[in-house]
Each structure stands twice: as structure tokens, then as C-alpha cells.
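Protein chains: 2
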Amino acid sequence: MDDRLLTTGLADEIEFLTARARAVGTAHANASLAPLDLRVRSYSVLALAASGVDPTQRELAEFLSLDASQIVALVDGLESRGLVVRTQDARDRRSNAISATPAGRALAAKAAVIVRRAETESLSGLTSAERDRLRELLKKAAFTG
Amino acid sequence: MDDRLLTTGLADEIEFLTARARAVGTAHANASLAPLDLRVRSYSVLALAASGVDPTQRELAEFLSLDASQIVALVDGLESRGLVVRTQDARDRRSNAISATPAGRALAAKAAVIVRRAETESLSGLTSAERDRLRELLKKAAFTG
DNA sequence: TATTGTTATACTCTATAACTATA
DNA sequence: TATAGTTATAGAGTATAACAATA
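Residue numbers (the numbering used here), protein chains in the order written: chain A, -16 to 128; chain B, -16 to 128.
Each hint can be trusted.
Because identical chains cannot be distinguished in the list, a pair is counted as satisfied if it fits within a single copy or across any two copies.
With a straight-line cut-off of 25 Å between C-alpha atoms, the simulated DMTMM-like cross-links for lysine to aspartate or glutamate are:
id: 1; residue 1: Lys123; residue 2: Glu45
id: 2; residue 1: Lys123; residue 2: Glu113
id: 3; residue 1: Lys93; residue 2: Glu62
id: 4; residue 1: Lys122; residue 2: Asp(-14)
id: 5; residue 1: Lys123; residue 2: Asp(-14)
id: 6; residue 1: Lys93; residue 2: Asp37
id: 7; residue 1: Lys93; residue 2: Asp(-5)
id: 8; residue 1: Lys123; residue 2: Asp(-5)
id: 9; residue 1: Lys122; residue 2: Glu102
id: 10; residue 1: Lys122; residue 2: Asp37
id: 11; residue 1: Lys122; residue 2: Asp(-5)
id: 12; residue 1: Lys123; residue 2: Glu104
id: 13; residue 1: Lys123; residue 2: Glu102
id: 14; residue 1: Lys122; residue 2: Glu104
id: 15; residue 1: Lys123; residue 2: Asp37
id: 16; residue 1: Lys122; residue 2: Glu42
For the record, the hints were derived by calculation from the structure and aren't laboratory data.
Using the sequences and the accompanying hints, generate a full structural model.
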């Protein structure tokens, strides 16, 4: 990589750095997940469905910062593959709780290993302590506001 | 924000946190830049063109992690508004150096102020020292590999 | 009235391949 | 042969609005 542009002001903007880190990281993670026929977005929904929390579609939308209509399509895709199921909440029949099937949990476990490896590869320039600190700061940044 | 999902494993994946921080940050920055008829991507090209470095389109593509064909469209848009110009390199006539016009530099300066304010707003949950540390770690993360 | 999920639509962003002109 | 830029196209991601069912 040619370093000339690293001296510009843009290279110090967190917004730009986040966008670039995400572009590179997502491309790498998508490629790593391709053998499982998952992408970062579908993996994220599957992982939450397999976590035991049984989130509603509304919760998924808020947490993943996606529109509710996008969650419909993602859940449709996973449901048609037998990886997750919708269960209507008896107390509020508008809500669907999303949970993983045994097949979904198995795939989520495999995918988590792959994503963790992809993360380590993408961040090979950072020490383990730096990765932990980055995780901590990003968690604050991602959930502020 | 409902915190139930923060206890899941996904909430500790840097890939996910980066994607969420970027989604929220970009949406906010795009809204802030709208009065100038810029978005994060077009602003990034304009900022680099106005930096005095006169990058080639190839350098812009690598640095912004965009495909060369996307740079064509972005530069076309800025050029048609009189904000940047293409200058053919005399020594390698395949290359175009992209530089901002006076109007482009003026707009870039205005936009930089807006983006800096948007960044501070997006990261209001972090102290100034934490923002600096995050910037430092993201710089490493964004340019590894 | 307000909210959850759904459908539909348009727009932006991303990925790929083929082409040209130069080197 | 290889590279910078261009064009074209398709697919993924994002944003909005309207609707049905339910609260």
C-alpha cells in the first residue's frame, strides 16, 4: 500500500477509518463464510437466533441497525433452509421470536469459528491486547446514541 | 436500546461492532453532509483531491477500498459540479491526477468541519482520550494486510 | 392510536468482466 | 503483456412508504 495518502487529514477521521476497516473486514468475512452459504448479515441473524435469547424481529432490526423489512428477507432465507423458526409470542401475537433449529445451531457454531479466525487474520497487525482494547472502544462507539 | 442482545457472543465480535459503528456513523454523516449535496463517499474523494497530494484514480481506489469503476463515477460527479479536475500525467498518459478547484477546496473545508462535528456527536459516549486511542487502533486495523 | 411484521419500490453500494489507450 | 481508466451489468445493501393484524 502506497503511504502518500496516509498523510492527509482524511486518514485521521474515525468515520473514514471505520468505513475502510469494515469494507476490508466484511469482504474477508464474506469470502470466509461463502462455503457455508452465509454472509455477514445472514450470519449475524443466525448467531443471535442461536444464542438462546430468542430475539424478536424488532430486536434484531435495532441491534443489527437494519430496517425491519430487511430482517423479514433475512429470516425468510434462513427459515427456508430450516436453520431458524418463527414462533408467535402468545402474549403479543404481533411479535415473532426467532430461534435456531438444531441444524441452525450447528451451522452457527461452525460459522462462529470461521468468523473468529477471519477476525484474527484481518487484525494481524494488532497485538491481542490491542484487539481487546479495540473491541472495548468499538462496543462503546457502536452503542452510543 | 434494549440490552438483552448485548450478552450474546456476537456483541463481542469486532467485525460486527465495526459494521454497526460504521452503519450508524455513515447514516449520521450522510445526513449531516446532505445540505452540501455530498455523501461520505463523494466527500472522501473531494477531501483527498483537496489535500494537495493530487492522487491518481488508482490511488483513490486503493486508499478508499473502492473499485476503480466506482472512482470514475464519483470523480465524474464532482467534476461536473466544477469541484475537481482530472489532469493527465505527462510522464504516464494513462494516469489522471485528481485535484480540487478553488470551489472544491472551499467546499471540502466546509465539509470537513461538518464531518468532524458529526464524528464528535456519534462518539459522544467516549472521552477525548478514548477517541484518540480508537483512532489510533482503527488506523492500524484499517491498513493491515 | 401506536406497534410488529409484511410487501413493494427505488436508490446506493459492491463486484465482475470486457474494452481502450497507453506503457 | 501489463496497467490506468472506462463502460456495462448484475447483485447486495439501504431507505421509504403503505398495509394488515394486533395492542
